[in-house]
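The primary structure of each chain is shown beneath.
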Amino acid sequence: MKAFGNIHPSVLMMYFLSVMLVSMFASNPIIQAEALFGGALFCLCIQKRGTALRDAGFYISLFLMVAVTNPLFSHNGKTPLFFLNGNPVTLEALLCGVSIAVMVIGVLLWCKCYSEIMTSDKFLYLFGRIIPKLSLVLSMALRFIPAYIRQSRRVSRAQKAMGLYSGKSISDRVRNRMRVLTAMISWSLENAMDVSASMKARGYGQKKRTDFSIFRFQRSDCALFAVCIVLLSVPLVGMAAGVTDFTYYPGISRIETSPAAVAVYAAFGALSVLPSVLEAKEAIIWKYYVSKI
Amino acid sequence: MEILRVEDLSFRYPKAEKPALSHIDFTVESGEFIVLCGPSGCGKTTLLRLLKKEVAPFGEKTGSIFFEGAPQESLTCAGEMGFVQQNPESQIVTDKVWHELAFGLENLGVPTDVIRRRVGEMASFFGIENWFRQKTDELSGGQKQLLNLASVMVMQPKLLILDEPTGQLDPIAASDFIATLQKLNRELGLTILLAEHRLEEVFPIADRIIMMEDGGILLNGEPRSIGPGLSKLDAAHHMSCALPSAVRIWQGLDIGGTCPLTVKEGREFLKRNYSGQTVTLPEPEYLHEEATVEMKNVWFRYERDLPDIMRGVSVKVYRGEIFSILGGNGAGKTTALCVVAGLLKAYRGKILINGKQVKDYKGNTLYRRCLAFLPQDPQTVFALDTVRADLSEMTEMMEIDKSEREKRLDEISARLGISHLLDRHPYDLSGGEQQKCALAKVLLSEPEILLLDEPTKGLDAYAKQNLRDTLRELKATGVTVLTVTHDVEFAAETADRCALFFDGEFISADTPRKFFAENNFYTTAANRMARELWKNAVTCEQVVECCKSVGGAK
Amino acid sequence: MKKDILTVFGLVLILTVLFSGTHIQSVDEYYLTHIDDIRPESETVTLSIRCDTILENYDELDPALRSDEYVPSDGVILPPTEYVLREGDTVFDILDRAVRYNKIQMEFQGSEESPFGSVYIEGIHYLYEFSCGPLSGWMYRVDGEFPNYGCSRYELHDGQVIEWVYTCDLGSDVGAGWNEYSGGQRK
Numbered sequence: 000m001k002a003f004g005n006i007h008p009s010v011l012m013m014y015f016l017s018v019m020l021v022s023m024f025a026s027n028p029i030i031q032a033e034a035l036f037g038g039a040l041f042c043l044c045i046q047k048r049g050t051a052l053r054d055a056g057f058y059i060s061l062f063l064m065v066a067v068t069n070p071l072f073s074h075n076g077k078t079p080l081f082f083l084n085g086n087p088v089t090l091e092a093l094l095c096g097v098s099i100a101v102m103v104i105g106v107l108l109w110c111k112c113y114s115e116i117m118t119s120d121k122f123l124y125l126f127g128r129i130i131p132k133l134s135l136v137l138s139m140a141l142r143f144i145p146a147y148i149r150q151s152r153r154v155s156r157a158q159k160a161m162g163l164y165s166g167k168s169i170s171d172r173v174r175n176r177m178r179v180l181t182a183m184i185s186w187s188l189e190n191a192m193d194v195s196a197s198m199k200a201r202g203y204g205q206k207k208r209t210d211f212s213i214f215r216f217q218r219s220d221c222a223l224f225a226v227c228i229v230l231l232s233v234p235l236v237g238m239a240a241g242v243t244d245f246t247y248y249p250g251i252s253r254i255e256t257s258p259a260a261v262a263v264y265a266a267f268g269a270l271s272v273l274p275s276v277l278e279a280k281e282a283i284i285w286k287y288y289v290s291k292i
Numbered sequence: 000m001e002i003l004r005v006e007d008l009s010f011r012y013p014k015a016e017k018p019a020l021s022h023i024d025f026t027v028e029s030g031e032f033i034v035l036c037g038p039s040g041c042g043k044t045t046l047l048r049l050l051k052k053e054v055a056p057f058g059e060k061t062g063s064i065f066f067e068g069a070p071q072e073s074l075t076c077a078g079e080m081g082f083v084q085q086n087p088e089s090q091i092v093t094d095k096v097w098h099e100l101a102f103g104l105e106n107l108g109v110p111t112d113v114i115r116r117r118v119g120e121m122a123s124f125f126g127i128e129n130w131f132r133q134k135t136d137e138l139s140g141g142q143k144q145l146l147n148l149a150s151v152m153v154m155q156p157k158l159l160i161l162d163e164p165t166g167q168l169d170p171i172a173a174s175d176f177i178a179t180l181q182k183l184n185r186e187l188g189l190t191i192l193l194a195e196h197r198l199e200e201v202f203p204i205a206d207r208i209i210m211m212e213d214g215g216i217l218l219n220g221e222p223r224s225i226g227p228g229l230s231k232l233d234a235a236h237h238m239s240c241a242l243p244s245a246v247r248i249w250q251g252l253d254i255g256g257t258c259p260l261t262v263k264e265g266r267e268f269l270k271r272n273y274s275g276q277t278v279t280l281p282e283p284e285y286l287h288e289e290a291t292v293e294m295k296n297v298w299f300r301y302e303r304d305l306p307d308i309m310r311g312v313s314v315k316v317y318r319g320e321i322f323s324i325l326g327g328n329g330a331g332k333t334t335a336l337c338v339v340a341g342l343l344k345a346y347r348g349k350i351l352i353n354g355k356q357v358k359d360y361k362g363n364t365l366y367r368r369c370l371a372f373l374p375q376d377p378q379t380v381f382a383l384d385t386v387r388a389d390l391s392e393m394t395e396m397m398e399i400d401k402s403e404r405e406k407r408l409d410e411i412s413a414r415l416g417i418s419h420l421l422d423r424h425p426y427d428l429s430g431g432e433q434q435k436c437a438l439a440k441v442l443l444s445e446p447e448i449l450l451l452d453e454p455t456k457g458l459d460a461y462a463k464q465n466l467r468d469t470l471r472e473l474k475a476t477g478v479t480v481l482t483v484t485h486d487v488e489f490a491a492e493t494a495d496r497c498a499l500f501f502d503g504e505f506i507s508a509d510t511p512r513k514f515f516a517e518n519n520f521y522t523t524a525a526n527r528m529a530r531e532l533w534k535n536a537v538t539c540e541q542v543v544e545c546c547k548s549v550g551g552a553k
Numbered sequence: 000m001k002k003d004i005l006t007v008f009g010l011v012l013i014l015t016v017l018f019s020g021t022h023i024q025s026v027d028e029y030y031l032t033h034i035d036d037i038r039p040e041s042e043t044v045t046l047s048i049r050c051d052t053i054l055e056n057y058d059e060l061d062p063a064l065r066s067d068e069y070v071p072s073d074g075v076i077l078p079p080t081e082y083v084l085r086e087g088d089t090v091f092d093i094l095d096r097a098v099r100y101n102k103i104q105m106e107f108q109g110s111e112e113s114p115f116g117s118v119y120i121e122g123i124h125y126l127y128e129f130s131c132g133p134l135s136g137w138m139y140r141v142d143g144e145f146p147n148y149g150c151s152r153y154e155l156h157d158g159q160v161i162e163w164v165y166t167c168d169l170g171s172d173v174g175a176g177w178n179e180y181s182g183g184q185r186k
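Chains as they are written, first to last, in numbering that gives the first Met the number 0: chain F, 0 to 292; chain B, 0 to 553; chain A, 0 to 186.
If we strip away everything but chain F, and leave its shape as in the complex, we get (with noise of 0.2 Å):
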């Protein structure tokens, strides 16, 4: 959390999103075990063990069951397993399926650790790049829907407590759910009439706005970004020409070896662990830097 959570926001997008893309586009098993690796590592590295190890029966049980589904919808490839209402249940679908499980989870295991890292403030200030006026809009919303469902608790509590709809049957809930909402209508506009007054008392309107941020470019960022951008054009080009075209159908093709296609693994499992190793790299010198007061 500490050392890549640092890195300025535009850094973070890039290389998320690039590593999620290749996982999702590469088919070859070496890039999707490589991006399940770097992703599960540094899902260890930001979590508390505990989350982790619950978080772990729940991927696994989805890895068996998406790797699971597949040959019950695909029949194709060269080796019958068995059959099932007369369709073959094949080796390469089930490997296939495998991939796919793995990267399913590979993408969740990276989109927790985008949800972990890319906090909505990080993410608002990019977009208040682009459209300054709706990241202030977004910025207003996201403090207004915690307020709102706790206020809308709230309110349920109370009319609970006198006993207004408050049976189980369907008709008392729905009539409850009204009751809260047009309760929340007013109490959303009583809100709002404050709200644009602490903005107006504050000077909201009156000139143009500028829009501050407490995020900075600095060389460290502009030296990762040049590394994600060396190692992830490898991958690219490499994925682009074919060289490490994987198929499991009709048979389970032969995993590429060339020199290119080595290059490929090196540069994708680079860029997969490279969090983890500034994870790993920031609590080193941590200890070190403690050990030696």
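Hints are computed from structural coordinates only; laboratory data are not their basis.
Here a beta-carbon is modelled for each residue, glycine too, at the ideal position from N, C-alpha and C.
There's no promise every hint is true.
To be verified - Computed, partial: chain B to chain F, Cβ under 10 Å: (1) Gly81; (2) Gly103; (3) Thr135; (4) Pro283; (5) Gly341; (6) Gln375.
For chain F, the structure is supplied; the task is to place chains B and A on it using the hints.
Relative to chain F, chains B and A alone:
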């Protein structure tokens, strides 16, 4: 140097019969700390909003306002005059603390590197560094209000206007906030105009008090002159109840001398005039009827991994008594109340309402002629467009005759004095009025047991007295009242018994006299002043009575 | 939330399997098909499977399939062969029996017994629809004509000639109109 001058200002809201303000005249010197007080509805908010032209209400205005010698209309910079409202929640515009701080400066078009410096400066002055990058939603009420103050302060205002900023805060957060204001005034020489109900703490630090009533200025002078001034107008002026305990006791005794303002001064004043040994007043034995609410070894937590909020709570509340639960912020008082109300489920233990377990009340039976719960925020009780609609909805639920319904509604509204409010929108009422209407709605279910969560939040002294009277009337009709409150003074004046909720348990439950006499810090200001003379005199009235009974000053 | 996802996923999976049936056969069992011997009195039909059109559109073919193994150089997957016609046999029944007997891979969609719709042949001999361009797929012809409906609803008579042909252009390259293609299998 004069910073603000108001000349013969009158104001009337559209369609209103009476003017909200009439012939207001006053000036504010640069660097002054002025406290504006008066019962709610006296025009404080209107006045403050008129001063800040960006948020001024619409209506008929006469008279003029000068800021730094120039008429208010010619002012262009919104940053010169800072404005903080009552509700900490609804003033926050953005989702992150740092963004909120920068918001005002962004509006003024200040370059980003200047914003960076000013925001950093203010964040360190207010001690916000630790939560600088947090979401505004995760802050406590006190932090939110501090953030509101800081995000006004980054604009470097010359005059700070605050409209009851501590109304929604708990006492500790309120003290912190007031202390910050004092620091701003002392260290930065900032001019402050503060409207406030809670005078106990601001009275001693203010340079001047302006007391308003019915849209006009009643008194305007040094804090020490307010007590005598009010006494001169009327010995038992109804506004006295809002004054700090020391001033009230001084007024009540009516023996002259300089008016004390703080607990320390009050204690010296009493000592000077009534010396003697510490006496513990005789306390009649507490008589009670059978228990209506009983908790037996109740345990509660919100989630499996979270700590217990209630740890084996056992308590009995007797029929027809007013029982106050006191306790610090986040101690779980409200949670305990919700557990009693059946809104949260205890995972162990029994809660008996009239001898029957809460979980055995099926459907709505618990909330019909049995138990009623008034939440902290009275707004949450209303769901319809008028108070009348909300109230009649409740009567419809009660399975009684149509003619009877109307009667019931009128009766309750008359009793609580809200008949004139019935056709208004609930959200248009003041805090005190909202609360009375909410109470009326809740009372329509004819409860035997009434649960109140922080009933005095945001109320002025007058409304508190009103509430106290209402609760006493209810008690007289046999209703059991269980309140949760921060307000030590209110509990001391109102409750039959008080209990301290701490660390998931009720530490002690006793009559206010015994309860507060045992406490050293957690007690009323009056008790702190007088405890060396009368150990268990807890309210101002009791202290005054004791002094008078001892007879004349030395 | 996560539990919910798993449960829903699992339920859908189980329901699909239950709904589509759980008739499991081992590989040997599947290929073990009795082809009746042709006797003078038995009714027969002739079946062939060809993919000549692919040879003409080789550059459109999925690279993974560019091999003699999948596309025979003469375009013949199954030369015209006579099979005994059993009572009520449809085009699908004959095809199914023939591919099993010859151990040719075949994948179909839908169910034989299904009262609505019909079986759709997705791929034969690893050649699937869209394997050779976006307009490619399998069609069948009986006595030189492309029927307007699914192969499991076409009941055969003695002496009919069935040809399964692979088209790369909605049937126009094998002599069928666009209309006929659309009805050729789907429907």
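Quick rundown of the hints versus the structure:
1. Gly81: holds, 8 Å
2. Gly103: holds, 4 Å
3. Thr135: Hint on Thr135(B): holds, closest Cβ of chain F at ~6 Å, below 10 Å.
4. Pro283: This hint is violated: Pro283(B) lies away from chain F, its Cβ roughly 35 Å from the closest one there, beyond 10 Å.
5. Gly341: Where the cut-off is 10 Å and the nearest Cβ of chain F is about 8 Å from Gly341(B), the hint holds.
6. Gln375: holds, 8 Å
Hint 4 from the list above is the single one not met by this structure.
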